[in-house]
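Enquirer: Line by line, the protein sequences give chains E and Y.
Position 135 (the first sequence) corresponds to 138 in this note's numbering; numbering is contiguous.
Position 103 (the second sequence) corresponds to 123 in this note's numbering; numbering is contiguous.
Keep in mind that the hints are not guaranteed to be accurate.
Partial pick of chain Y residues on the chain E-facing surface, computed with a CB cut under 10 angstroms [said to hold, decoys possible]:
id, residue
1, H37
2, A42
3, V46
4, Q110
Okay, the calculated bits of chain Y under chain E, using three or more residues with CB under 8 angstroms as the criterion [what the hints assert, rightly or not]:
id, region
5, 112-120
6, 123-135
Honestly, the hints are just simulated from the structure, not real lab data.
C-beta atoms are modelled at their ideal positions from N, C-alpha and C, and glycine is treated no differently.
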Amino acid sequence: MTPPQRRRRFPKASQEPTPQPPQEGQDPPEGPKKNPERLYVITGPDGTERSELDLVTLIVAHADPPPSATPEQAALLRLCTAPLSVAELSAYLSLPFSVVTVLLTELLTAELVTARAPVIRQALADRSLLEAVMHGLQRL
Amino acid sequence: MDFNGSDTIPGPRTEDHLPQTAEAAVKIVIVGGFGVGKTTMVGSVSEIKPLTTEETMTQAGIGVDDNYGSETKTATTVAMDFGRISITDQLVLYLFGTPGQERFWFLWNGLFEGALGAVVLVDTRRLEVSFDVMDRLEERGVPFVVAVNTFPDGPRHPLDDLRTALDLSEDIPIVECDARRRASSRDVLMTLLQFLHSLALEKAPV
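Build out the structure end to end from the sequences listed, making use of the hints.
Expert: Here it is, written out as structure tokens:
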């Protein structure tokens, strides 16, 4: 039996990317970078910006819920006495990721929790990081 | 209290707590059609019982919805199952299973941001589902490997035929797996990591 056949929309995917002429006023990149560097910003005490929280940002509470905390906030704070990802918080609270993000932004602003930013894929994945993950998988 | 019984919210079991030293997390996405075995794969390697996070379907998502797989309910939320593997005391790996159909692509915003890479889990009974997924991953520049979950009743094709059918370039690994088995799922992840490692070496030789 012949399997169905895919028609690739991007047939040139395996070919070399067209080299971009270097832009003026920019430092030449060290190597070909396909993706712009992604930055995750956790807001400072002013909290005017919305925190960039990833599904795997680890959240840690550093205080007991204050009396002023809303029930949702108190529940969140109790959950993350040990580090817990935003995805896990969303699962345990049965709240969508987007809602948890809003709650966490309030708690971050109030400095009741800290966020440990995820390791993100740069244009180049860090080899030592990949090796660490491989070692971890080997022990499974 | 409005937010019912915050004291009774199930949290992680004591043995599921991450150490206080955990400081960073990475993620890998497992993507494929319904019933292809994403959750099975997540569950077979996860150190915690797989958890579910839900996201609300956007208007755009509803607009392109069709009836496949959702005849019994109005899909307003979509669930993503995920699991976790502690790599070291500092580093944690999360695995997310996400549906591959186009109408769920709204979930991909944020999910693939910064993900190390993806596993496209393929069911030979419904090979077509993975076509769009692979296009989309290529578009987004997300590195991936293909894992063929072997179902007893699924048609068996030699991997070379599947590679041709999927129009996979030679450098992208394709492997068979049994998502129910921890060792097999682990090997798929290892294949992805080795592939990522070779990409990193290629782009930045020592």
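Enquirer: Evaluate each hint against the coordinates.
Expert: Hints and how they fare:
Hint status for Y:H37: holds, given a least beta-carbon distance of 4 angstroms to chain E, under 10 angstroms. Look at Y:A42: its Cβ gets to within about 5 angstroms of chain E, closer than 10 angstroms, so that hint holds up. A hinted interface residue such as Y:V46 counts as satisfied when its beta carbon comes closer than 10 angstroms to some beta carbon of chain E; here the least separation is about 5 angstroms, so the hint holds. Hint on Y:Q110 holds. Least Cβ distance to chain E is approximately 9 angstroms, under the 10 angstroms limit.
Only residues whose beta carbon comes within less than 8 angstroms of a beta carbon in chain E count, and the region 112-120 of chain Y has 4; three or more means the coverage holds. For the region 123-135 of chain Y, the stated coverage by chain E is satisfied: 5 residues place a CB nearer than 8 angstroms to a CB of that chain, which reaches the threshold of 3.
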